[in-house]
Structures are given as C-alpha cells and as structure tokens.
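**Q** Chains as they are written, first to last, in our numbering: chain W, 263 to 743; chain S, -9 to 433.
The set of hints was computed from the structure by calculation and includes no laboratory data. Hints may contain errors.
Said to hold, decoys possible - Under 10 Å between C-beta atoms, here's a sample of chain W residues computed to sit facing chain S:
| no. | residue |
| --- | --- |
| 1 | 397 |
| 2 | 400 |
| 3 | 480 |
| 4 | 541 |
| 5 | 581 |
| 6 | 658 |
| 7 | 742 |
Glycine included, every Cβ here is placed at the ideal spot set by N, Cα and C.
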Amino acid sequence: MSNSALQLAKQAILVPTGLQESSIHRVMDQLFNGAVDSGDIYFQSSHYESWVLEDGIIKEGSHNIEQGAGVRALSGEKTGFAYSDKIDLSELLSAVKNVQAIARQGQTAKVALPAHTHVPQLYAPINPLSSLSDQQKVDFLRKIDSETRKLDARIEQVIISLVGVQDHILIANPGDSLAGDVRPLVRMNVSVIVEDKGRREQGSMGGGAREDYHYFLEQDRALGYGQEAVRQALINLDAVPAPAGSMTVVLGSGWPGILLHEAIGHGLEGDFNRKGTSAFSGRVGERVASALCTVVDDGTLQGRRGSLSIDDEGTTTQCTTLIENGVLKGYMQDKLNARLMGVQSTGNGRRESYAHTPMPRMTNTYMLPGESDPEEILQSVKNGLYAKNFSGGQVDITSGKFVFSASEAYLIENGKITRPVKGATLIGNGPEVLTRVSMVGNDLALDSGVGTCGKEGQSVPVGVGQPTLKIDALTVGGTNV
Amino acid sequence: MQTQEEISHLETTIHDLLLEPKNQGASAADAGLSIDTGLSVNARLGDVETIEHHCSQGLGVTVYFAQKKGSASSTDLSPQSIKETVTAACSIARYASEDPYAGLPEPEMLATECKDLDLSHPWELAAKDAIDLAISCEESARQYHTDISNSEGASVDTYQGIRVFGNSLGFLHGYASTRHSISCSVLGERDGNMERDYWYSVARKHQDLESAERVGIKAAQRTIQRLGARSLSSRKSPVLYSAEVANGLISSFLSAISGGSLYRKSSFLLDTLGTKIFPDFIHLYEQPHLPGALGSASYDAEGVSTQANKIVTDGILNSYLLSTYSARKLGMQTTGHAGGVHNLCIGTGDKNLGQLLKKMGTGLLVTELMGQGVNPVTGDYSRGASGFWVAQGEIQYPVQEITIAGNLKDMYQHILAVGNDIDYRGNIRTGSILIEEMAIAGE
C-alpha cells in the first residue's frame, strides 16, 4: 500500500469528520462481538464534477459530494448491511447493531489476514478536479467545440461533456490495519449530429483514465474524439439496411471486446458460480473456446479506467486468467464467494459506493493477441459482416444468451469491406461463441476508457479489449431478411 | 404526525437555504432535498441471505446569475455543508455561458395547489417478518414444479421517502411517499439447459401487493415455460409484445417527443406535432393525479403543475413533452414534463392476451428483450428477444437467441391492436401491443 494514498485517504475522511482510528477499532470489536465470520467497514468521500457544452455554449456544470460509511457483517452465506451518510461513531455503532441481526446462527471465526505488504500504486493520488482551473476547463471545451464544428459543414449539433472524480476510500478489515486508496477518474465525450439531404445520424466518441484532465490535452486526444465522432456519423449517413441471420462476423479490435465482457465475463463471476446459476458453473477445466483464445481480467494496468490498486475489500488486484488456450481456468472472486468456494479472492470485490454491498465484478477484461494480420482476416471472408464499433450489451448469465449492438458495421464481400450498414444487435450463446473463433489478430487494443458495467443496479467503471477476431457464425439482427 | 413534522422541518431547511444564493449574488435558485429509508431482505434456498438497511439523504441546488446556471449536490445536510454546496453551485455558474433560455419557470406555471395524492403508506415490517415473507415466496416457486432446480431467491423491499422542493419564486412543497415490492427469480433445468425468469409486484400500499405465494408461482411458471427454447430461422412475421415489455415501445416514443431530444435534433420524430404517428385507435393520455398510483405527482421536477394531458388522440400527436428550458428553446411553453411523464396510459381495445394471440394467428410473442439497440435519431430498432412461437393463435414452443428489428416510425404506424391486459407496475401503463410485421433474425 502506498503510504501516501492511505495517509491522504485518512486525511480526507477522518480529519473532517473527527472520527478517530481508535473509534474504528472499537466499532470493529463491537462488530465481532456478535457471531459473525467476517465483516468490514467501508468509508468513502467522493467529489465529482461535470461540465456540459451544447449549442456552442457552456450550458451547465455541477459539483457533487458524496460521503458515508457502509458496515457489513458476513456469516456463512449471509450478509447483513447498513450504511449512513454521516461518518460518526454513533451512526457506525447503530449500523453494527442492525447488521448483527444476520448472525444469530453464525459462528465466530475471526480470520487474521496477512498484513498489507507493498501494493503497487497504479495511479497517482491526485485530484483531477483541480488539475485545470475552471476557466481553463471551459476554454478547453470551447476550443474542442469550435475545432470539431470546422471538420464538416454537415454538422448540426455538438455536445461535449467533461467529468472528473476523486474518490477517497478507507477499508477496515478484521485483524488488519486500515487500507486506503485515492482514486482519480476522468472521462470526456463528444457526440455529434450530422444532417445531409434530410437524413440525420449521430456519432459519439470519448475516452478516460485514472489520470487528471491533462490526459485529454496530451496527444490531441480530445480533438481525436471529435474527429472520430464526426467520422462515424458521416459513415452512418450512407448506411444501408443490415443483413439478418447467421453469418461470419469479423469484430474490430478494442471496444468490440465488449463481446468478452458479456459473453464470457459475467458468467465467470464467482457469485453466480458459487450458486450454480451461470451457464459456466462447474466447467473449470473444460474447453469453452477455440485454442486460439486466451482471456484475462487484469486490474493491474497502469492508469486504466477499470484498474484498481486495491479492490473495495482491500485486496490487491491481479491479472486473472479466465480462459487459457480455449480451456476455462477460473472465476473472478470477492472475499465472500472465495471463502465459500474454498479459494482466494482475486481482487475483484467491487461496489458502486458505501451505500452498496461488494460483489465479484470485472476490471479490465481482454483477449491476448494472436498471430493473424487483420487484413488477412478480412480477406479470408467471402460474405459476412465487419463490426468495428459497438454501443452496449447485455447477458442472461443462466441461459448464456448475450447481445451487443453494433454502431458501425460494414458488409464484407469477397474479402473486401464494401458498404456501411445500419446498426444492428448481434446475439449469441456465451459458452458457444468463442468455440467459433477461427482467427485472432495480432493487433490487441484496449478501449479508450469509456466502459461502465451494470450489475444488480450497481455501476462500476471497467475496461475491455481484444484483437481483431473472426467468428465463423453469429446471428446478426438486421432488417434485411 | 411524525412525518408531517419532518416535512415541515425540511421545508424550513429549503426555505432558509434559498436565502443563501441571494447573499452570494445569484438572481434566482431552486433546491430539492430527499431522505429515504428502507429495508431490503433476500432469502435463497429457504434461508435468509441478505438484510440491508437503507438510509440516504441528498440535497441539490441550482443557481442562476441572470442567464448563467450552476448546480451542486451533497449527501451532507449539515448547515455548514449546505452553505458550501450553494457556494459550489455559484462558483460554477460564474463560468457557465449566458444562455437566453436558462432560468426558473414562469411564475404562473407553478403549482399553487398540491393535492394529497395518497402516496404514503408506511409498512411496519420487522426484518424477521420480511424474511418469513421472502422465504414463503421462494418456497412456493421452488415447489411449483420438479424442473425448478435452483434459485436466485426472493426479495422483500420497503422504502419510505420525503421529498421537498422549492425555488426563489416562492414555490415550496414537501411530501412523503412509500414503495414496497416482492420479487422472485428461479432457475429451471431440462436436458442440461438452464433457464431463469422472475416476477415482481410493486405498490405504494403493501395491501395492494400480489401475495408472496402468487409472485413465487408466477416466477416459476415463467421459468418453466422457457425450458426447451430454440432459435428460429430468419423470417418476417407479426410480433406481439406482451404487456410487461410493451412499455419499452411507448418509452422510446416518449423520449422522441421530449423537448431535450427535439431541440438537440436527436429524435426521429422532429416536426411531427399535429401529424399522425399511430393508427386511429391509439390514444395516449396522462393521469398525473391518480390517488396512490406509482407515477402520481402534483408538480414536475421544476415545480410546474402537472396536467391531465392528451398526448396522442386518434393517432395524432397533440403535445410534445416539454420542460421550461426545452420549451423556450422551441419557442413554446412548458407542459410540466421536467423529469418525465406521470402515469402515462394507453387506450386499450377489448381483447385480452389470448384473444390477441388468436388475432395474430401465426407469429412471435415476445416476453423479454435484451440490449439497447434503438437509434434515437433514426428510429432504427434491433433488439435481442425471447418468447414463444405462435401458430393458429396457440403457443407452440419457447424461442430464444433471436433478434427483432424494424424502424419505430413504421412499427408505430402498423400497430394492429392494444390488449386490455394492462401492466400497472410502472409509470407507463400499457397492455400487450401487436405489430403487423417485423424482421426476425435467427439461426
């Protein structure tokens, strides 16, 4: 653990509220007075701001503060949880009383965890909100707006948003000193509407990272978002109806890795597998993908949107191999599900905030590169679809059926990309789809830092990535039957 | 009454808060405050799994310096924090641009009389009783059929909240509301394939909830019906949206006629006021003052009074859904829709779901949709679906791993019927909707 992150988190959370560390120990002792197996207290203080430019003017901005503490008691498979927006001793003690009700039949088994040794810090404990002055922020948005508008006469509307977050976290675990983290996160998005001969289309591009706002100034990233949004919108102006039915699909590199997130990732989260409700339950060691496929969930990438130095239970994150050369290797775990399945947490215990309970969640999920040249992959397809960009996706982890929606796609005819087609939803079966991967590109790319994953009403930032992939058969939901 | 006292106290807080922006030089302001408490329990495989006690609060302030706007929010309601929140909003407003359309509503649009809409019926439910209820709900699901093989459990939730909103034109009002629900989700297994489905009941008064047993049985029935699902070959066919998924068709329409989408030109229904969107027999209207209903409200998110609007009559669009800001951008007047609609209802025919299946003859009954797949600018529509293949008006077999696609403009024009099997569980109250033809993609 970086001392400076822990010290800064203590300063941000304990100093303003006047809560002493000794009081936290007292609350923890009180919590373990009842018959509970485990438990934790999660303190959070979060500052968030957003700026929106629309119609060429800074339309609005907002500044938001969220802070509070969540207390959790675990007993067998049971969880008691309570939280408060006030961080003080009496609130914490009353939360403890509430959560202990869960533990009536439980047994005390206080587990001493290994003390935190050195935890690599994956991002600086900085405050993105103060990395530019407010005047610099609005000047920057105006500049990107005017430069984007210059790109094409058919642009009707440009909307730009800029969001910065600084999260301070403290986690009290039994038998361990406090863990802490300071998490910066920035996100920017440019969306445009273009109009030509009465036809209108939209395009949208953004990015983000656990950095400060200078990230968007470097390498002309922000202007790049504008260019990409305009390019997508203009292409869609010419799109023809998409085909319908099962066909060969080539997925582009980067953000199309949302395929892995939906088709594979959710089904490999520990809670579903402990309960036996996932289409992947009990299948470790089985072949679930072609031998070309190796998929990992990696929370340790420097500065990425989905990365965490420690997860929301204080566990150091890691790179977990989910599928190796086509064989299912393991699941993503938080502490509760790891304990019940007799394994170690993989550092995937995440929660939206102090007001939510942790569960196994993805961090950055991606497929390792293969050997094929992307051009060679396209050339190998006689007739099919090349899907380059996607919007969102969804999965039913029990049946394994998943969807993801293409926002930029082209027909492939005789090995060549020909016409753009309208957006269409692709649907498949998680345990089957990767068995149909017949070529994997050498062009692994991660997404630009835009992913947000929803599970049981909780949203967390994530990353995805993949090289160009060829899937021999996938159902494309166009209108052209 | 304890709740009434708390509302009065919070109204005073907002009243006092609204003096602060003026001290800091703002010309106008509004502020809202909410406090929610709740209990949520989940039982799985016959035993309690989670007990969650909820207690959250929040404050939001928007200030105007003439035509410049800034907002701030906080979960800390201490006097010191309130002052800091106002300061943060003011500081942001100084950097916003002059926007000739920004500002509070015209004073005459604000609600003057706020009726008691009968929204608050607290449920004095001890955690132990909530657990027993959840266990009995799940038990009736698990006992329903031998193919029910596993469970995600049953949940019982109860929430009560207080909302207070005021602005510097003198509007100030607070009210309490409650919301309770029972839900259940179970798995079935046949021939090595698992399926999962769920059911829930939600109401402001716990006496209006479906019984725990009934919720469990419906969840089990829905799961069992899905077992043995197969894909379809690609084809064009009629599609019947069951009531619980038909509201998505209506909400895409509502978003296309909302002021924000219109002035941004990000709607497939631009310039359609007074034109025919639907067939003659479609009427959409709002009943914002229905006592005890889930979507009822006397005023919108800006304090503008809500009205019993006729949004679509004889298939013709009568009214957009406008907030003060979007109305000014479009040169119109607010319709009291800041924050959305309130109890949007659809005029139904006289047919129930079974009769609609007969009317359809051969086609697809959709009971679940997956993914977003709607382009709001063009109306192009393509979503994952599951449901049942229907022939001669009878359900033949469950289907999944298919998509349904079309364009919403065409789909609206080709609605053949709306069923009287209304789903009352949300803010949009619709029955099943039969569409003449869509593209189905499958294996």
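**Q** Taking the hints in turn, state whether each one holds.
**A** Structure-based check of all given hints:
Using the Cβ-Cβ criterion of 10 Å, the hint placing residue 397 of chain W at the interface with chain S is satisfied: the shortest such distance is roughly 6 Å. Hint on residue 400 of chain W holds. Least Cβ distance to chain S is approximately 5 Å, under the 10 Å limit. The beta carbon of residue 480 of chain W is not positioned within 10 Å of any beta carbon in chain S (closest approach about 23 Å), and the interface hint is therefore violated. The closest approach between the C-beta of residue 541 of chain W and any C-beta of chain S is roughly 7 Å, which is under the 10 Å cut-off, so the hint is satisfied.
The beta carbon of residue 581 of chain W comes no nearer than 29 Å to any beta carbon in chain S, farther than 10 Å, and the hint placing it at the interface is violated. A least Cβ separation of about 7 Å between residue 658 of chain W and chain S falls short of the 10 Å threshold, and the interface hint therefore holds. Nearest Cβ of chain S to the Cβ of residue 742 of chain W: about 7 Å, under the 10 Å cut. The hint holds.
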